[in-house]
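Asks: Sequence:
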Amino acid sequence: MIRSLGREKPVVPTSAFVHPAAEVIGRVRLGKHVSLWPGAVLRGDIEAIVVGDGSNVQDNAVCHTDRGLPTVVGRNVTVGHGAILHSCRVEDGALIGMGAILLGGCVVGAGALVGAGALVPPGARIPPGRLVLGSPARSVRSLSKKEIADLLENARHYLSLARRHRASLSAKKG
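Just so we're aligned: the sequence shown equals residues 1 to 174 in this note's numbering.
The set of hints was computed from the structure by calculation and includes no laboratory data.
Remember, it's a predicted structure, so these values are computed and weren't measured experimentally.
Yeah, the Cβ is synthetic: ideal placement off N, Cα and C, and Gly gets one too.
One or more hints might be untrue.
Stated by the list, open to error - Below are the DSSO-like pairs computed for lysine-lysine, each with C-alpha atoms no more than 30 angstroms apart in a straight line:
id, residue 1, residue 2
1, Lys146, Lys9
2, Lys9, Lys32
3, Lys32, Lys146
4, Lys32, Lys145
5, Lys32, Lys172
What the hints assert, rightly or not - Pairwise CB distance ranges (calculated):
id, residue 1, residue 2, range
6, Leu161, Arg125, 27 to 35 angstroms
7, Arg3, Asp59, 16 to 24 angstroms
8, Gly68, Lys172, 27 to 35 angstroms
9, Pro127, Gly104, 26 to 34 angstroms
10, Arg3, Lys146, 40 to 48 angstroms
11, Gly6, Asn154, 20 to 28 angstroms
12, Arg164, Arg3, 21 to 29 angstroms
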């Protein structure tokens, strides 16, 4: 469901796929070919939430903000099932694993991988192309070129899934 909040209206291009069971509320701006999956909640009631072109926010993930700190997701980012992004920045091509939690003011660099269940503390800086794991999240190693390419392939895979789901939902309406 896409809902305005007062005068704040989400910006959702026609190329974006928002599953009917996802919630997009208030100051949210989606890029081209973004996909939001069942149970995803993007609640822009305090500050803006921006999701860049080609990114996906999977089932039951939550994006929210604190005063003065927007949540910004770059291009071709994958946000895994059940992840929480709270007033953070995720740069292009990163992957946020299932159940990971990113807290206020943290920055995940381009092409980084935050492992499933990791907790990235407030203000943390994850360098580009690094694998981080644990609670609190700690840098484990650099990702190989192939691993970084695989992160982008995962984002492309979700573009394909979004097309399939959009077609299926359209067929049911007709």
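Asks: So, for every hint listed, does it hold in this structure?
Replies: Going down the list of hints, with the structure as the test:
no. : hint                                  : in the structure
1   : Lys146 <-> Lys9                       : violated (39 angstroms)
2   : Lys9 <-> Lys32                        : holds (17 angstroms)
3   : Lys32 <-> Lys146                      : holds (26 angstroms)
4   : Lys32 <-> Lys145                      : holds (26 angstroms)
5   : Lys32 <-> Lys172                      : holds (24 angstroms)
6   : Leu161 <-> Arg125: 27 to 35 angstroms : holds (31 angstroms)
7   : Arg3 <-> Asp59: 16 to 24 angstroms    : holds (19 angstroms)
8   : Gly68 <-> Lys172: 27 to 35 angstroms  : violated (42 angstroms)
9   : Pro127 <-> Gly104: 26 to 34 angstroms : violated (19 angstroms)
10  : Arg3 <-> Lys146: 40 to 48 angstroms   : holds (41 angstroms)
11  : Gly6 <-> Asn154: 20 to 28 angstroms   : violated (36 angstroms)
12  : Arg164 <-> Arg3: 21 to 29 angstroms   : holds (26 angstroms)
Comparing the model with each earlier hint shows violations of hints 1, 8, 9, 11; every other hint is respected.
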